[in-house]
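J.: Please build the complete structure, drawing on both the sequences and the hints.
Protein sequences, first through last, are from chains L and P. FYI, in our numbering the residues of the first sequence are 1 to 171. FYI, in our numbering the residues of the second sequence are 1001 to 1184.
Quick caveat, the hints were computed from the structure, so don't treat them as lab data. Treat each hint with caution, since some may be false.
BS3-like mimics (lysine-lysine), calculated; alpha carbons at most 30 Å apart, straight line [stated by the list, open to error]:
#1 L/117 to P/1141
#2 L/47 to L/63
#3 P/1091 to L/146
#4 P/1096 to L/134
#5 P/1096 to L/146
#6 P/1182 to L/45
#7 L/117 to L/99
#8 P/1141 to L/113
#9 L/35 to P/1141
#10 P/1103 to L/146
#11 P/1141 to L/59
#12 L/7 to L/45
#13 L/134 to L/7
#14 L/45 to P/1141
#15 P/1107 to L/141
#16 P/1163 to L/146
#17 P/1091 to L/141
#18 L/59 to P/1074
#19 L/59 to P/1163
#20 L/146 to P/1141
#21 L/113 to P/1133
#22 P/1100 to L/157
#23 L/6 to L/134
#24 L/134 to L/63
#25 L/141 to P/1103
#26 P/1182 to L/141
#27 P/1133 to L/157
#28 P/1141 to L/47
#29 P/1182 to P/1096
#30 P/1182 to L/134
#31 L/157 to P/1074
#32 L/141 to P/1141
#33 L/47 to L/59
#34 P/1133 to L/141
#35 L/59 to L/109
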Amino acid sequence: MGGRIKKKRPGFYLDMTPLVDIAFLLLTFFMFTAKFKSDTENEQKFKITRPVASADTSKLPDKDLATIKIGIDSVTNDTSYYYSLSNEADRKVVYSSDKIQIPDDMRQKVILKVDIKNLEALLRQTRMANVRMKFAIDADKRITYKWIEDLMEAMRKSNATIFNFVTDRQN
Amino acid sequence: MGGGGSLGREPKVKRGSFATKRKKKKRVGFVLDMTPLVDIAFLLLTFFMLSTTLTTPQTMEMSVPPETENVEVKQSELLTVLVRDDGQIFKYMGDKNTEKPQKISVKELRAVSVTENMRMENKLIMSLRISPKVPYNLVIKILDELNIAETEITQRLSAKGMKRERKFALTPMTPEDVEDLKVL
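T.: This is the structure:
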């Protein structure tokens, strides 16, 4: 400081061992807890702002999960249903079903943009492909209840009567 | 690992070979420059710290009755909660012709659910009818309040030696409800 050139002190040595210990400890911790974005999130072109809730604290499972997303496209402002499956094997079976009317090039995708009719068919096919499948509704908080109501009706029709609303924890 | 040095004395080991169990002398004045190591360690640390998301989403379980099942409900055991387009909440117990729907707030909903459920002791069926125009955010808020009430009801009932059996149900709005709400 003060514009004076700092002289290098010869023979000065700072013991960095404790610092390195702590740094590596933290590094290992963060490395093991790190969870990277899944394929679904990579393909997703919208951001969902989830509503907050405080009552239930159960976590979302990683396997055997079918997620129905209701997102608002950030560019066009259109609301739509999006469907994704966590298991790749199930995805292959369900997405290639001829009961679902989507363009063939879409079948390779991880996340499908679907209308309510196709969604119902997808739910039904998913139930058939894997009985242990859990359903999660991940909707943006700005949408109206109509989207949820229609979706619940579709779930009722396809016998997927138990599902979860994905929320964020309230602080 | 160098503890076994004193046990087996092997005189024929050449000096300087790696197998020698000779005592290592501490080199005086030896300094290892750890700066690059620390640099890389902190770089990785910052990367992992920033890339991890600590807030994992949680879930709220719901269920809808299957299509084949049609539940018959006694009107005296039915508590109807209506949510209007503008987010106003109204409730009435049993028949709406005898009891006028009352306006309540989201915060009051929890207390209403607890008192009514405790009064009816497990018999109450709560029907939640939400207008399609209500924002999803409010729907979750209402469900959250009811879920909080649910834990309280379960606790109070188990204190009495009873088990909680029924939960609230989400039912679609009828045109009649829409007409009723207009007047309120």
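J.: All hints are to be evaluated individually against the structure, with a verdict given for each.
T.: Consistency of the hints with the structure:
1. Distance restraint check for residue 117 of chain L and residue 1141 of chain P: the Cα-Cα separation of roughly 28 Å lies within the 30 Å cut-off, and the hinted pair is therefore satisfied.
2. Using a Cα cut-off of 30 Å, the hinted pair residue 47 of chain L and residue 63 of chain L holds, with the two alpha carbons roughly 22 Å apart.
3. Our distance criterion of 30 Å between C-alpha atoms is met by residue 1091 of chain P and residue 146 of chain L, whose separation comes to about 21 Å.
4. For the proposed pair residue 1096 of chain P and residue 134 of chain L, the alpha carbon gap of about 38 Å is over 30 Å, so the pair is violated.
5. Our distance criterion of 30 Å between C-alpha atoms is met by residue 1096 of chain P and residue 146 of chain L, whose separation comes to about 25 Å.
6. Of the supplied pair hints, the one linking residue 1182 of chain P and residue 45 of chain L is violated, its CA atoms being roughly 39 Å apart against a limit of 30 Å.
7. For the hint linking residue 117 of chain L to residue 99 of chain L, the alpha-carbon distance of about 10 Å falls within 30 Å, and the restraint holds.
8. Using a Cα cut-off of 30 Å, the hinted pair residue 1141 of chain P and residue 113 of chain L holds, with the two alpha carbons roughly 27 Å apart.
9. A threshold of 30 Å between alpha carbons decides the hint, and for residue 35 of chain L with residue 1141 of chain P the separation of about 29 Å falls inside it, so the pair holds.
10. The hinted pair formed by residue 1103 of chain P and residue 146 of chain L meets the criterion: a straight-line CA distance of about 23 Å does not exceed 30 Å.
11. Between residue 1141 of chain P and residue 59 of chain L, the direct Cα distance comes to roughly 19 Å. Compliance with the 30 Å bound is thereby established for this hinted pair.
12. Between residue 7 of chain L and residue 45 of chain L, the direct Cα distance comes to roughly 55 Å. Violation of the 30 Å bound is thereby established for this hinted pair.
13. Under the criterion of a C-alpha separation no larger than 30 Å, the hint pairing residue 134 of chain L with residue 7 of chain L is inconsistent with the structure, at around 66 Å.
14. Distance hint between residue 45 of chain L and residue 1141 of chain P is fulfilled; the C-alpha atoms sit about 27 Å from each other, no more than 30 Å.
15. With a CA separation close to 19 Å, the supplied pair residue 1107 of chain P and residue 141 of chain L stays within the 30 Å bound.
16. This hinted pair does not check out: residue 1163 of chain P and residue 146 of chain L have alpha carbons roughly 34 Å apart, beyond 30 Å.
17. Taken as a hint, the residue 1091 of chain P and residue 141 of chain L pair is honoured in the structure, with Cα atoms around 24 Å apart against an allowance of 30 Å.
18. Taken as a hint, the residue 59 of chain L and residue 1074 of chain P pair is broken in the structure, with Cα atoms around 36 Å apart against an allowance of 30 Å.
19. This hinted pair checks out: residue 59 of chain L and residue 1163 of chain P have alpha carbons roughly 25 Å apart, not beyond 30 Å.
20. A distance of roughly 16 Å separates the Cα atoms of residue 146 of chain L and residue 1141 of chain P; the hinted pair therefore holds under the 30 Å criterion.
21. Taking the CA atoms of residue 113 of chain L and residue 1133 of chain P, the gap is near 23 Å; set against the 30 Å cutoff, the hint holds.
22. Between residue 1100 of chain P and residue 157 of chain L the alpha-carbon distance is near 34 Å, which puts this suggested pair outside the 30 Å criterion.
23. Taking the CA atoms of residue 6 of chain L and residue 134 of chain L, the gap is near 65 Å; set against the 30 Å cutoff, the hint is violated.
24. Restraint check: the Cα-Cα separation between residue 134 of chain L and residue 63 of chain L comes to about 9 Å, which is no more than 30 Å; the hinted pair holds.
25. Between residue 141 of chain L and residue 1103 of chain P, the direct Cα distance comes to roughly 24 Å. Compliance with the 30 Å bound is thereby established for this hinted pair.
26. Restraint check for residue 1182 of chain P and residue 141 of chain L: satisfied, since their Cα atoms lie roughly 25 Å apart, inside the 30 Å limit.
27. About 23 Å separates the Cα atoms of residue 1133 of chain P and residue 157 of chain L, which keeps this hinted pair within 30 Å; it holds.
28. Our distance criterion of 30 Å between C-alpha atoms is met by residue 1141 of chain P and residue 47 of chain L, whose separation comes to about 21 Å.
29. Proposed proximity of residue 1182 of chain P and residue 1096 of chain P is supported: the alpha carbons are some 14 Å apart, at most 30 Å.
30. Simply put, residue 1182 of chain P and residue 134 of chain L have alpha-carbon atoms about 39 Å apart, too far for the 30 Å limit, and the pair is violated.
31. Of the supplied pair hints, the one linking residue 157 of chain L and residue 1074 of chain P holds, its CA atoms being roughly 25 Å apart against a limit of 30 Å.
32. Of the supplied pair hints, the one linking residue 141 of chain L and residue 1141 of chain P holds, its CA atoms being roughly 10 Å apart against a limit of 30 Å.
33. Distance restraint check for residue 47 of chain L and residue 59 of chain L: the Cα-Cα separation of roughly 20 Å lies within the 30 Å cut-off, and the hinted pair is therefore satisfied.
34. Pair hint residue 1133 of chain P plus residue 141 of chain L holds up; C-alpha atoms about 13 Å apart against a cutoff of 30 Å.
35. A hinted pair counts as satisfied when its Cα atoms are at most 30 Å apart, and residue 59 of chain L with residue 109 of chain L qualifies at roughly 26 Å.
Against the hints set out earlier in the document, violations occur for numbers 4, 6, 12, 13, 16, 18, 22, 23, 30.
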